[in-house]
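Visitor: Chain by chain, the residues run as shown.
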Amino acid sequence: MSHKSNSLKQLALQKFKRNFWGVFSFYFIVLVGVISVFAYVLAPDNSQYANQMHLAIHSKKPGFKVQMLIMPSQLKTNQGVFDKIFFGKKNVNTEIPISEYRIENSILTYKEYASDGLKGTEKTIKTDLLLNHSPKDFIKEKSFLFGTDKYGRDLLSRVLVGARISFFIGFVAVFISLVIGIFMGSLAGYFGGKVDAVIMWIINVTWSIPTLLLVIAITLALGKGFWQVFIAVGLTMWVEVARVVRGQIISAKEMQYVTAARALGFNDFRIITKHILPNIMAPVIVISAANFAAAILIESGLSFLGIGAQPPMASWGAMIKDHYNYIILGKPYLAIIPGLCIMSLVMAFMLIGDALRDALDVKS
Amino acid sequence: MFGVVTVIFFLFNVLGGDPAKMMLGQNQTAEQVKAVKKKYGFDKPIKTQYLYYLNDLSPLSFHSNNSEDYTFLRQGKYTAIKVFSIGNTTTVIKFPYLRESFTKQGKKVSQVLAETLPNTFVLAITAIIIAMILGVFLGIISALYKDRWLDKSIQILSTFGMSIPSFFSAILFAWFFGYVLHKYTNLEMTGSLYELDDFGEDMHIKWKNLILPSIVLGIRPLAVVIQLMRNSLLEVFNQDYIRTARAKGLSEFQIIKKHALKNALNPVVTAISGWFASMLAGAVFVEYIFGWNGLGKEIVNALNTLDLPVIMGSVLIIALLFIIINIFVDLIYIWLDPKVKLE
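Going line by line, the protein sequences match chains L and X. With the working numbering applied, the first sequence has no gaps in its numbers, which climb one by one up to 344 at the end. With the working numbering applied, the second sequence has no gaps in its numbers, which climb one by one up to 572 at the end.
Each hint should be verified, as a subset may be incorrect.
Unchecked claim - Chain X regions said to be covered by chain L (calculated; three or more residues, Cβ under 8 Å):
1. 388 to 394
2. 398 to 405
3. 539 to 551
Claimed, not checked - Restricting the straight-line Cα-Cα distance to at most 25 Å, the calculated cross-link-like pairs of lysine-lysine (BS3-like) are:
4. L:K41 x L:K174
5. L:K233 x L:K174
6. L:K311 x L:K45
7. L:K233 x L:K204
8. X:K412 x L:K(-5)
9. L:K45 x L:K122
10. X:K412 x L:K(-3)
11. L:K(-3) x L:K45
12. X:K381 x L:K(-3)
13. L:K(-5) x X:K375
14. L:K120 x L:K45
15. X:K412 x L:K311
To be verified - So these bits of chain X aren't anywhere near chain L, every CB distance computed over 10 Å:
16. S382
17. I484
18. I485
19. L535
For the record, the hints were derived by calculation from the structure and aren't laboratory data. Where is the CB? At the ideal position from N, CA and C, for every residue including glycine.
If we strip away everything but chain X, and leave its shape as in the complex, we get (with noise of 0.2 Å):
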């Protein structure tokens, strides 16, 4: 996590232009400037900067007393608690501070995150859910009629999902389903968990809105999925507990459910959950394309106003994320597979 944090401040620090006059757009004023870059930091040489947002993210950060330095803490900036001092430093435990947007009148990035953040989650998990679902379906029908017909489409169907890129299917089924078949299935072309009513007053909830970005997004996943599930169900077809069951006159049904699915799992779970952080980056397009509230829709707006606070805690939180993920993705591996040990 410490790495991710550097890579992302150097990259976005060192080889980008001066984010004051980014700030400032077109009109700035030599003074403007200087202000602005004093109240960021940015007239300090880099090595200082750096430490300055390392402090501003830590949970335990150190602060002047002095209020003329960029560590004094100012009013607003962020609750945070004493915990003690020493001479002319406060030590304070406080939530991370990803400082504050350029854009939106000095809205932090963290409340910006907040209010994205869970509408793409809502969104990725019905996606992975949706994914899960069908492609250990597709998956298990695929293995049982292995080489005919029905399994070459389902693969061929498979690899078309893998190669159509997201944006392009989010705009054919926003198309087809939001407006052809408008009549028929009422969804609309775009729109977010929540929404304004008529009256503009009350945010209400429209789950409708969520049928079609979660297929869209879950259209990849579902095509490793159903690779995977395929493959790994083939695998224990040929174990020897596999042909007992068969000996025994089980139903093939019974096989599957009884004895090969839950061997058959383990890989397609661990990728699965794997590809959740990467869905949560995905979501741009799908986002971008139905209105949907979420990081994504953020992420392409900040790139188009340059807003580079926003971005750095965007691509911070997803690797936070990420990382989170992939101990989760060990420790239910482990669960599932007793054959792997805890080292």
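Pulled out of the complex, with its shape left as it was, chain L reads as follows (with noise of 0.2 Å):
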């Protein structure tokens, strides 16, 4: 039994292999997973939610590059190495973009950075406060590959960031709607009759209400938020898991190995967990692929209503949100990026899940 599962296995990712935009999408859903891991290790900016403001340098066009003052942050941090590179510097060095600067006497004039043919007023610095460097130590230039956004933060580091949220919302709703969704299915296929009736009931109640206003309904009663958001899309989703495995268990019930296990003397839960859902496990896994689409969807949407990921966390939605005002002004690019972001990681789990489909042999 296990040896032929395992061929049926590689039978399937010989399948998978072989198409092309399937594995394309599974490396690129491996490094956009990577790099929402690392995401503060890899973003120029690693503060807490890529959160360094330069208001002087707002909606920068990409590339920009400018002289920066770094003053060292005076409060002591006992933030973790651990906590750094997973959740970013609490506490981060000030940062002033400036345009001109000297030193005389141990003392530093700098001129700060203006825009817009405004004239930078000029302030002085004595060195001293700043650990007796060289000016190359606390002077350097940053470059802002991707611009900034309209709080002169470095848009790169906040698409990084704001990867993670998409990323883990997809995960936490698909784990959510394959708990409650394989639990409740199994419970109304396997034993039918009143309990089939119930559970039924609930998923037609839950399945006419659009999943858009669903979940805005439970985020408006769990109150706004990020926690909020990801269970709301979980609890939606379920319905669809528990419709394909009802229907699946139902089909399998009568097979002749659910019959053998039954004569053997297992109890339901053992025929239910180790006989019949291993062998419906194939449609339940491509669902799992559109879901995480969906989630991705319903996320950015709920952000860019304000509704999701509240400021000042980076997520995808809600930067399109803060700047779609800004495509009329010259600065498309604020407003595109985080879109195409969205566009193409949705694209890669509905490709994923359209070569799995094709690979495991579900019929749609």
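Both chains are given apart, each in its own frame, so use the hints to dock them into the complex.
Guide: What follows is the structure, given as structure tokens:
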């Protein structure tokens, strides 16, 4: 039995490998996954939520370069290295964009950066405060590969960190939907009768409220925020999983291997988890890929409406919301870059879903 | 439907905060809160509130003759036809009462819906028609040129259409056709079906404003229709009667028009009508960005002001439409495919 299922898996894997778009999407998703885990290591701005603002240099073009005066933070921090790598620095150095500077008698005179023909004010500071380092250590040229957003934050860093929310919501939503969906679906399918009737009623009720509105209702009830969206999306998506699992179990129940298991005196729990579920996983996997894509879309939509991730958290949807007014101000890339990110990630999940469906031979 | 009402009511009432405080905003006094609570029945236990809500929604409802009670039929609450009264209770027939908006000085929710729903309907229907015509056409081409480059590019285009978030495509379309190409297209970035004219007196219809939003709203259904059309046509092509038709020497066009299309359309029609209701909800983003004066924009507004009755009403009406449309779809399905019999 186990030998045969292995070879079936291998067959599916071989088929999957032949699908160019499926494999391509797989690597793309792995890449985004790695980026979202190590976002703060990769991002130029590694403050928490990539939230280092420089209002003087807001909404600059991609590739913008400026000299930065970096003043070390006065506060001592006891944040662990691990924490810094995965959640960003809570305590960051103050950065001031400057246009020119000179040092005389250990006094640093600098001119603040000013755009739009304004004149920057001149300020002086004692270099002692900068812990007697050479100018090279506290004046650095910073470049912004994707430019800066309307608060002067590095767009590239925001995009990288934003990958995290999109990715996590997919995972959490799919996980919740699988747990509830498989549980409810197997109950309804295996036991039938009244249990089935009650669960089908719940499914139908949830079904007749459009997903977006249901998620809005749940997030309203639970309050705005990022975990609420996770839960809300998971709570709406289980319906599809449950329907598929129920249908599959109803037909699997009549199979001989189930009768055999029953004849051996196994209890219902064991029959469902050990015998039926492994045999019906293929369509569930395909649905999960689609749900992953849908979850990312819904999260970005909610963040766009302002009821998803709350600022200063970086989320692709919220970034579009912040900047879509800028498209007529000649800076369309501010909204287009995060939009393309959402699109490519969702597309990757859809393509991988299609490839899996072909490989596992599941009828849609 | 009853289940939907229950779920929505409890979602908004059990878990939510204090609606009376929400309505009055920051600077409220205890007396004000009490008065509002009384007016809307928030001072009662949740079970009673739920019964009140059902009573308000039900076309046949019971009302107390005591003016202190919540169920007392106030003047202007709704027009009702008295059926009979026993003792202190009057039974009336009325149009379902969805309560009043929190923020719009007691404007009725049903009135808000009546003003916005038709606009959304126009938008959704136009979008569906665009998606249907284009989708069937592209699906046929895709099936005819199966596995050639034309098919492959249509396939990729369709996956593309499915993965683009509607608010993003709306922004792109508004920007590109309404702003960059404004000189050539003469389309506006935003606009509703009815606009005030330059004198601010007359409302007149601007069909022009319908073009962009309906295309954007149609993108996703279009992608789905292409896929469905292609797959079902390919399945039909394998049938014997198509082979017979080919053997008779009919042209490919004749085969599709006379033989294949009707059978291949079944799944498409069912799917697309199912999509219609979710499009009413999906219109939220499109209407918001194009400033289309419909239900979706109203929902966003209500969300920002926490106008719960409006949100509850909108969710209810969309769920109701969803159910009606599904029944309708089943009927279409039976009509298209006589093999399926009514159970």
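Visitor: Measuring Cβ to Cβ, find out whether S382 of chain X lies farther than 10 Å from everything in chain L.
Guide: holds, 13 Å
Visitor: Quickly compare the C-alpha distance for K412 of chain X and K(-3) of chain L to 25 Å and report which way the hint goes.
Guide: violated, 49 Å
Visitor: Is K381 of chain X close enough to K(-3) of chain L, meaning Cα to Cα at most 25 Å?
Guide: holds, 19 Å
Visitor: Three or more residues of the stretch 398 to 405 of chain X near chain L by CB distance under 8 Å?
Guide: That given contact holds, which follows from 3 residues of the stretch 398 to 405 of chain X lying within Cβ reach (below 8 Å) of chain L.
Visitor: Starting from K233 of chain L, check that the Cα of K174 of chain L is at most 25 Å away, please.
Guide: Given pair K233 of chain L, K174 of chain L holds - Cα atoms ~17 Å apart, limit 25 Å.
Visitor: Does the alpha-carbon distance linking K45 of chain L and K122 of chain L stay inside the 25 Å limit?
Guide: Since the Cα atoms of K45 of chain L and K122 of chain L sit roughly 6 Å apart, the hinted pair holds (cutoff 25 Å).
Visitor: Taking a Cβ-Cβ distance under 8 Å as contact, does the stretch 388 to 394 of chain X have three or more residues in contact with chain L?
Guide: That given contact holds, which follows from 6 residues of the stretch 388 to 394 of chain X lying within Cβ reach (below 8 Å) of chain L.
Visitor: Given the hint that K412 of chain X pairs with K311 of chain L, does the C-alpha gap stay at or below 25 Å?
Guide: holds, 20 Å
Visitor: Just to be careful, I want the Cα atoms of K412 of chain X and K(-5) of chain L compared with a cutoff of 25 Å; is the pair within it?
Guide: violated, 51 Å
Visitor: Non-interface claim for I485 of chain X: all C-beta distances to chain L beyond 10 Å?
Guide: Answer for I485 of chain X: holds, closest chain L Cβ roughly 23 Å.
Visitor: Regarding the assertion that I484 of chain X does not contact chain L, is the least Cβ-Cβ distance greater than 10 Å?
Guide: Nearest chain L Cβ is 25 Å from I484 of chain X, so the label holds.
Visitor: Mind checking the alpha carbons of K41 of chain L and K174 of chain L for me, to see if they're no more than 25 Å apart?
Guide: violated, 63 Å
Of the numbered hints stated above, those contradicted by the structure are hints 4, 7, 8, 10, 11, 19, listed in ascending order.
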